[in-house]
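Q: Next come the chains, spelled out residue by residue.
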Amino acid sequence: KQEVTQIPAALSVPEGENLVLNCSFTDSAIYNLQWFRQDPGKGLTSLLLIQSSQREQTSGRLNASLDKSSGRSTLYIAASQPGDSATYLCAVGRRQFYFGTGTSLTVIP
Amino acid sequence: DVKVTQSSRYLVKRTGEKVFLECVQDMDHENMFWYRQDPGLGLRLIYFSYDVKMKEKGDIPEGYSVSREKKERFSLILESASTNQTSMYLCASSFHFLPGYRVEQYFGPGTRLTVT
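Line by line, the protein sequences give chains A and B.
With the working numbering, the residue at position 60 of the first sequence is 590, and numbering never jumps.
With the working numbering, the residue at position 13 of the second sequence is 20, and numbering never jumps.
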């Protein structure tokens, strides 16, 4: 069974800092990797999707990379803002999605 | 925009009651999923459905059943609610997973269920 790990579980940074969130998975036979954002008490909002044939995707200040051979993905957030404070989840999919437990990010003004 | 809606945002039920949670998607997705989310445990898959009337158990199906009579609607049923089923329930949908295809999972807003 696929296992997905996100480290650290929590991260606190000052506003303006660039940061990297990590996601690792055990089975590299995936079709897609998806990064989500979740605000407290809310559903998940899709941020970026990387197909297994791709190495990275970018959207605004976000950049996600995928290295299937090492079973890793990173989410890079540039010039962090207080509004980026949320929990970030990664999920890897083949026939279904498997989720990590997330990184709780706090950006301090 | 893809829309996934869930019948209730908050629900309070008593132990032993039968509970129905409904999910509707408007993107003609084949796949639909029910997860529960608990602190420290992350999202765990209860059931998923890859077509009308088709279902598969996820990681934690005990105490739950599902129904998919129409492509756009996927219901989660708690036959006899118990306090350990107090949780956030999240529904999601996607197209079929196929190699080389861009398949995103879309989530509803969640239902916070409390069983007393």
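Read the hints as simulated data drawn from the structure, not as lab findings.
Some clues are possibly wrong.
[As the list claims (entries may be wrong)] DSSO-like cross-link-like pairs, simulated, lysine-lysine; straight-line CA separation at most 27 Å:
#1 B:Lys10 / B:Lys64
#2 B:Lys62 / A:Lys531
#3 A:Lys531 / A:Lys598
#4 B:Lys25 / B:Lys78
#5 A:Lys572 / B:Lys20
#6 B:Lys64 / B:Lys77
#7 B:Lys62 / B:Lys77
#8 B:Lys77 / B:Lys60
#9 B:Lys77 / B:Lys10
#10 B:Lys10 / A:Lys572
#11 B:Lys78 / B:Lys64
#12 B:Lys77 / B:Lys25
#13 B:Lys25 / B:Lys60
#14 A:Lys572 / B:Lys64
#15 B:Lys62 / B:Lys78
#16 B:Lys78 / B:Lys10
#17 B:Lys62 / B:Lys25
#18 B:Lys62 / B:Lys20
#19 A:Lys572 / B:Lys78
#20 B:Lys64 / B:Lys20
#21 A:Lys598 / B:Lys25
#22 B:Lys25 / A:Lys531
#23 B:Lys10 / B:Lys60
#24 A:Lys531 / B:Lys20
#25 A:Lys572 / B:Lys62
#26 B:Lys62 / B:Lys10
#27 B:Lys64 / B:Lys25
[Stated by the list, open to error] Derived list of chain A stretches under chain B, where covered just means 3 residues or more per stretch with a C-beta under 8 Å from a C-beta of chain B:
#28 594-600
#29 603-610
#30 620-627
Note that the structure is a prediction, hence the values are computed from the model and not measured.
Heads up, the beta-carbon is just placed ideally off N, CA and C, and yes, glycines get one too.
Q: CA of lysine 10 of chain B to CA of lysine 64 of chain B, is that 27 Å or under?
A: holds, 24 Å
Q: Check whether the Cα positions of lysine 572 of chain A and lysine 64 of chain B lie no farther apart than 27 Å.
A: holds, 25 Å
Q: Does lysine 25 of chain B pair with lysine 531 of chain A here, judged by a C-alpha cut-off of 27 Å?
A: Violated, at roughly 32 Å.
Q: Lysine 531 of chain A and lysine 598 of chain A were given as a pair; does the straight-line alpha-carbon distance stay at or below 27 Å?
A: Status holds; Cα separation ~16 Å.
Q: Taking 27 Å as the top limit, are the C-alpha atoms of lysine 572 of chain A and lysine 62 of chain B close enough?
A: holds, 26 Å
Q: Would you check the hint for lysine 531 of chain A and lysine 20 of chain B, treating anything up to 27 Å between C-alpha atoms as holding?
A: violated, 34 Å
Q: Holds or violated: lysine 77 of chain B with lysine 25 of chain B, Cα cutoff 27 Å?
A: Holds - the C-alpha atoms of lysine 25 of chain B and lysine 77 of chain B are around 21 Å apart, at most 27 Å.
Q: Is the Cα-Cα distance between lysine 62 of chain B and lysine 77 of chain B 27 Å or less?
A: holds, 13 Å
Q: Straight-line Cα separation of lysine 62 of chain B and lysine 25 of chain B no greater than 27 Å?
A: Judged against 27 Å, a Cα distance of about 20 Å means the pair holds.
Q: According to a criterion of three or more residues whose C-beta lies within less than 8 Å of a C-beta of chain B, is the stretch 603-610 of chain A covered?
A: Not satisfied, violated; 0 residues make the cut.
Q: When you check the alpha-carbon spacing of lysine 10 of chain B and lysine 572 of chain A, does it fall within 27 Å?
A: Satisfied, since the Cα-Cα distance of roughly 15 Å is no more than 27 Å.
Q: Between lysine 572 of chain A and lysine 78 of chain B, does the CA-CA distance stay at or below 27 Å?
A: Holds, at about 25 Å.
Taken one by one, the earlier hints fail for this structure at numbers 21, 22, 24, 28 and 29, listed in ascending order.
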